[in-house]
Amino acid sequence: FKQDYQFLAPPTAWDECSPTADWKNRAPGQPFFSIINFGVTHESQIWEKANDSLWIDSTLQVKVPPYLPQTSVALKDIRRMYSNVKVMDDQVGKVLARLEAEGLLDSTIVFWYADHGGPLPRQKRLCYDSGLKAPMIIRYPNQWNKGHVDSQLISFVDFLPTILSLAGSRVSGPTDGQAFVGKFMANQPRTYIHGGADRFDEKYDMIRAVRDHRYKYLRNFDTTKSYYLAVQYREKMPIMKEMLRLKETGGLDEIQSQWFRPKKVAEELFDTYTDPHELNNLATSPEYKNKLVELRNECDRWMKSIDDKGLIFEPEYVRSIWNGDQQPITANPEISLKDNKVSITCLTPGASIGYQISKGTQSPKAWNIYTQPFDLPVGSSISAVAHRIGYITSNVIEQ
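For the sequence shown, the numbering used here gives the first residue as -4, with consecutive numbering after it.
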């Protein structure tokens, strides 16, 4: 579950959800699922840590992608990014050391991943590989598969079925993803992965992407807009200010100027093997017509399969799912007790239901997820809550 300012986490999502949440707070012997966010590599830390000492040498030669300038301002921010990565790596090491000290490391599967590509200009928020391609490392108990590089096409929607597969469970009900490892690993690896972008902070656009192992297809739905969108948050970054300055003074080369083209083309096609930075559009080349048609058709198929709502203006779409301008409220759960068996229902479709069993003055902190009727211990009381994502949480009902 992505916890961010756009989403209110359902009370049933986590036992704990705060900066102090910790697996140590679980019941003795209870298995745990924990997500730890390392904010030091966030985009904002490029400018907020601008005056901090670097973790790398200030003269270290760093790789600069061709779409970024190599001025002293730009190089300082790129070195800052690498320094932040080193700090993050140290923080991850401390988590692994703690798991080892507590005797948990070789019974715990550790996923390390980023939630998007790089934080620098022309990376985050875009559907080029610099924005979509995210690093991931998995450490299995007893270092199983140590050093293996997996060449499968993997998407974030695959995380849910994969984690369940590793735990020995199969997904119940429809899902967009497929397990890429574990007991219920998919029989066929992915042929394509998909991506999209609609809102860039305060700016709107609509881009869809399809990628196979080698080729990337982009469809730009609003060709009247520039590739570059003036996002205020990103423009706090010194390297972004530097690029805008160089743009105004004619200091960007032909490659660096591509991002600032005033209008987009409807389709883009890139060979990521020979052109990893996606700078040479092949969409109009007769040699690649068959690949263009293949990925174009896959884009159509995928958008239809997910009932893509991108063409609906966001406020209009919100009103359609809310049936007006007021955020709907999840219906209060209804508790029924028959022969000491508890059943809980909620009239809001798609809502999750949580319950707590209390006895005397002892009240649990976390909500259990209701899946089926259960026995109520003698002398106990029960509380229930319901929440549908996008709705206001129901009242807590006690009985």
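Keep in mind that a hint or two might mislead.
In silico DSS-like links for lysine-lysine, alpha-carbon gap of 30 angstroms or less [said to hold, decoys possible]:
no., residue 1, residue 2
1, K178, K19
2, K128, K258
3, K178, K141
4, K178, K81
Quick list of simulated restraints, FRET-style, between CB atoms [to be verified]:
no., residue 1, residue 2, range
5, L55, Q25, 43 to 49 angstroms
6, G98, S164, 22 to 28 angstroms
7, I364, P61, 48 to 54 angstroms
8, N137, T54, 40 to 46 angstroms
9, T54, K299, 33 to 39 angstroms
10, S164, K299, 36 to 42 angstroms
11, P61, V313, 35 to 41 angstroms
12, A92, I30, 15 to 21 angstroms
13, L148, T54, 35 to 41 angstroms
14, A16, T366, 20 to 26 angstroms
If you're looking for bench data, these hints aren't it; they were derived computationally from the structure. Beta carbons are placed, not taken as given, at the ideal position from N, Cα and C, and that holds for glycine.
Status of each hint after checking the structure:
1. K178 / K19: holds (28 angstroms)
2. K128 / K258: holds (25 angstroms)
3. K178 / K141: holds (19 angstroms)
4. K178 / K81: Since the Cα atoms of K178 and K81 sit roughly 35 angstroms apart, the hinted pair is violated (cutoff 30 angstroms).
5. L55 / Q25: 43 to 49 angstroms: holds (45 angstroms)
6. G98 / S164: 22 to 28 angstroms: Taking Cβ atoms as reference, G98 and S164 lie about 25 angstroms apart, which means the hint holds.
7. I364 / P61: 48 to 54 angstroms: Hint holds: Cβ distance 49 angstroms, inside 48 to 54 angstroms.
8. N137 / T54: 40 to 46 angstroms: Holds, since N137 and T54 (Cβ atoms, about 41 angstroms apart) stay within the stated range.
9. T54 / K299: 33 to 39 angstroms: The hint (33 to 39 angstroms, Cβ to Cβ) is violated, given that T54 and K299 are roughly 53 angstroms apart.
10. S164 / K299: 36 to 42 angstroms: Violated: the Cβ-Cβ distance is about 30 angstroms, outside 36 to 42 angstroms.
11. P61 / V313: 35 to 41 angstroms: Since the Cβ atoms of P61 and V313 sit about 40 angstroms apart, the hinted range of 35 to 41 angstroms holds.
12. A92 / I30: 15 to 21 angstroms: Given range 15 to 21 angstroms: holds, Cβ gap about 19 angstroms.
13. L148 / T54: 35 to 41 angstroms: About 39 angstroms separates the Cβ atoms of L148 and T54, which means 35 to 41 angstroms holds.
14. A16 / T366: 20 to 26 angstroms: Distance hint for A16, T366 holds at roughly 23 angstroms.
The earlier numbered hints that this structure contradicts are 4, 9 and 10.
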